[in-house]
Amino acid sequence: MQVDWTIYLTFLGAGVVLLLPRDSKTLIRWVALATGVGALLVALKNYFDYNAWVNAEVSAHGALRDGFQQIVNVVWIPALGVHYHLAVDGINFPLVVLNGFVCVTGILFSWNIENRVKEFFAFFLTLIASVYGVFLAMDLFLLFVFYELAIIPKYFIIAIWGSTRKEYGAMKLVMYSFVGSALVFIGILAMFFSAGGQTFDILELVKHPITRDVQIWVFPLIFVGFAVLAGMWPFHTWAPTGHVAAPTAASMLLAGVVMKLGAYGCLRGAMMLFPQGLEYWRWWIAWIAVIGIVYGAAVALVQKDFKFIIGYSSVSHMGFVLLGLATLNLIGMSGAILQMFSHGIVASLLFAVVGRMVYDRTHTRQLDELGGLARVIPFACVTFVIAGAASMGMPGFSGFVAEIQVLIGAFSMSPWLTVGAGVGILLTVAYILNAIHKVFFAEEEHVGGNATSSHGPGHEGEGDSRWNLPPISVPEIVAALILMTLLVIVGLCPSIMLNMIKANVEIFLRGAP
Amino acid sequence: MTPVSYFEVFKALSAEAVLAVTALAVLTLDLAWLRRADPPTRREKVGMAAIVGLLLSIIPLCQHFYHPRTVLLGGTLAVDDLIVFFKLVIIVLAVLTVLISMDYDLGRHVGEYFAVLLFGAIGMMLLISAEELLTIFVALELTSISLYILTAFHKGELRSQEAAVKYFMFGAMSSAFLLFGLSYIFGTTGATSLLGIREAVKASAGMAMSPLLATGLLFAIIGFGFKVAVVPFHLWAPDAYEGAPTPVTAYIATGAKVASFFILLKVLFVGFAGMEGSAFWGHFASGWVMLLAITGALSMVLGNCAAIVQHNVKRMLAYSSIAHAGYIFIGFVAASRMGATAVLFYLIVYALTNLGAFGVVAALSSRAGGDEMQNFHGMAKRAPFLSLLMLIFVLSLAGIPPLGGFFGKFYLFASAVQADAQHFGLLWLVILGIVMSAVSLYYYLILLKHIYVTDASDQGRIITPTYLNVTLGLVALAVIALGVYPKPILELLNGLIAAL
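Note that the protein sequences, when read in sequence, are chains U and D. Note that the first sequence covers residues 1 to 513 in our numbering. Note that the second sequence covers residues 1001 to 1500 in our numbering.
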């Protein structure tokens, strides 16, 4: 099975879920899980095949000549030169695999949803399938179709199953994405006709020369349009509210995958097609990215809501992706793409701890009200510490490999960029440690400060049992273990991903100015 | 004058003749045999008879396919493949309207209702084949008068009466404008057939535009502007849409719109081919393109913004259809073959989508106690299937892929950019359109929020007849198919327009 089956399988799964009776909740969950696992296995099998092929090519020729493996390419709408063109290379393959993992673990973390299960998984799988589509599409029109298709399920997932100001958060997210895609739409139309109006195929369009003037004004349209979804400052404000309002699986997916859709769109839709526009704007992008890194981290530091911390941390980490992409050198861009994968896993894990393990049990996310959870749900604590460490960029986890490369790449562009991003990393350490402390350990302090007046001394003895929480369930443990294993594997052996990324970035850079 | 061959005329209009006979038969059937039956049975039987008649009328239509273009009565009426195709579209829309009406409370005058509906269909079909100003006017009146009557069919309800009176007043005024404009056009060009006008316009090319002709064109466009409900001639639409029985609203919003847009396209693209002017940014020149660009832009802005604050579903859809008329005008403004194709494609998608949406509203509102937004709370649980269909229709209106509305809109906007691909002269209109579709997503999602997110106080299941579910399901499938695989229809239309 080719990797395009990830799309079809997942859409099929959504259809099957829709046909099941609404009361057989367990069956629906298992069908969804089977779909997710099936798609993931398809993706993984092809991933390793492709990886082996890249390694063989590189060792034979020293470098890749053409990194693309075509999957399907048929004419779809001849009047506009639209092709149904799917292909993989080393840039989208890690993201396809990431989507597969987030899908499976997201379903596992949603095992406890009882309200309108059928609709939840139908929307969820539709979203996942469209995301697969965006990553695999090599035709700009097709990419746009999948990209817009992904917007709608998000609204319903957040508005129906979310929490805190869910309808507001959902609408804000959708309006931001749709305005972003409106910019992309304008950009695509302008580009299509300036490139001769013959084709939407990205690999064909690359060959069509577009005048520098057009590149300079169309590039920012498409780039910013996609970057809205990547959480680029100052268009990031949908991200924290959206993430906080979303149910666990959706915030995992939003932060883990959907933000990568934006970054991926920037790379494929804007950077590949407009080298001169990129050249013109890259310093702007780099500095805006650094502002995003520092700003996101600084705001995360002062949040009182546990989930908002993670929400802003996503904005900060996506800054690294944009910064790495703007460096336009091998190490920086490879780091950016690896960071997309790494942050996808880290963010999923963090949101799973916050939303599923902590919030679903304690029904509060306020740092001041939480505390001492380490003794009650130690597994959540361990998971969060590991994910937090990876988020800080601790060696041994994938985040380190990715961010250090981005920093090195940025250094060769301008040392000041690295300094700015470094400040962001310091702040990250601060807010992660702060969150760990307040949520999982700060028992004495918390109870002392808050409770001496209200509860009196008798409270000291029952410090452990202030929380009477259900234990961590099996699906949660399985899902968390999967994600943590990935963090460590990619951290210790980055070459399974980095080889193919590097080989393909090299090809990209050969075409760039 | 050549002698008129009445046989040829009859042959060309045999479909309309079948419909006229059906209308009378339907009236007789109801009057003679079904007076004593209860209204639901009457609706079902009379409706079935109307559908049989409509389907029968397809047979004589099909004989015209792949025939060379025939022009009758000195250029008054024409029959070619494009015209036959759009007559088919009208018949399909009429059949769907009848199906929706069969489930809707129409009071005692069932036979009259279906007969008038069929007369309306005849008017629309004549309008599509008309190529001469007076015939256009007569056909337009036949359509409009049928619709005025249908709008008033909620006999006990005040808002239906108000809507009908308002619709009639505005309609009558627009007819006056139209007739006035047509008289000036005839006065300056000396011709009433579109081809004759075209010759006259061509002949005066290079000379300064005659002020009388320009006035005539302006008034004619105002008249048509009322019929297709674009800003600033839209004021009747929200009230008429809200007050009319919902199946009639569907009919006004789809069948009548398709026919009016079609004839407007023909008048402007064929008759006034030399008077486009220009709406390119920085190069505005007077002509119908500029008029349409301005009214289109106003419609998109006002229609979408006004829709946001509506609490009544039908009224919201009315404002949304004003906005859609604005999008369609973008294709007119492109004034190219691609623009015409885009307009016709969008008309088909728009008509099917809106008919489906109003169909769902008709089926649900009569059972949920009203067509206000709050009547639709929790519909996803009460009527899951129809809610899913509504999701599809509304998202298609919003232009979400892979539905027909998305591709239609994409093609419209693409045609406008293509009209001046060198300097992006129409990009301003396209940007406005795209921004306004982003606005429109907001109110469409609010409607879907009421259906899907908000919980209902009344949890009772809503059961709708199977034939209705199947019909609307098929419409939804068509909407999806037009988006996923637009190629056949697009190529068909493109080919047919070439013959124009």
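Hints may contain errors.
To be verified - Keeping only pairs whose Cα atoms sit at most 30 Å apart, straight-line, the calculated BS3-like set for lysine-lysine is:
no., chain 1, residue 1, chain 2, residue 2
1, U, K172, D, K1449
2, D, K1449, D, K1381
3, U, K207, D, K1487
4, U, K25, D, K1381
5, D, K1155, D, K1045
6, D, K1155, D, K1166
7, D, K1487, U, K25
8, U, K172, D, K1381
9, U, K172, U, K304
It should be emphasised that the hints constitute simulated quantities derived from the structure, not laboratory data.
Structure-based check of all given hints:
Note on K172 of chain U and K1449 of chain D: the hinted pairing holds, with a Cα-Cα distance of about 14 Å set against a maximum of 30 Å. Only pairs whose Cα atoms come within 30 Å are accepted, and K1449 of chain D paired with K1381 of chain D is accepted, the gap being roughly 13 Å. For the suggested pair K207 of chain U and K1487 of chain D, the alpha carbons sit about 26 Å apart, so the restraint of at most 30 Å is met. Distance hint between K25 of chain U and K1381 of chain D is fulfilled; the C-alpha atoms sit about 16 Å from each other, no more than 30 Å.
The suggested pairing of K1155 of chain D with K1045 of chain D holds, with an alpha-carbon distance near 22 Å, which does not exceed 30 Å. For the proposed pair K1155 of chain D and K1166 of chain D, the alpha carbon gap of about 15 Å is at most 30 Å, so the pair holds. At roughly 40 Å between alpha-carbon atoms, K1487 of chain D and K25 of chain U are farther apart than 30 Å, so this suggested pair is violated. Between K172 of chain U and K1381 of chain D the CA atoms are separated by roughly 25 Å; this keeps the pair inside 30 Å, and the hint holds.
For a cut-off of 30 Å, the pair hint linking K172 of chain U to K304 of chain U stands: about 21 Å separates their Cα positions.
This entry does not satisfy hint 7, going by the numbered hints stated previously; all others are met.
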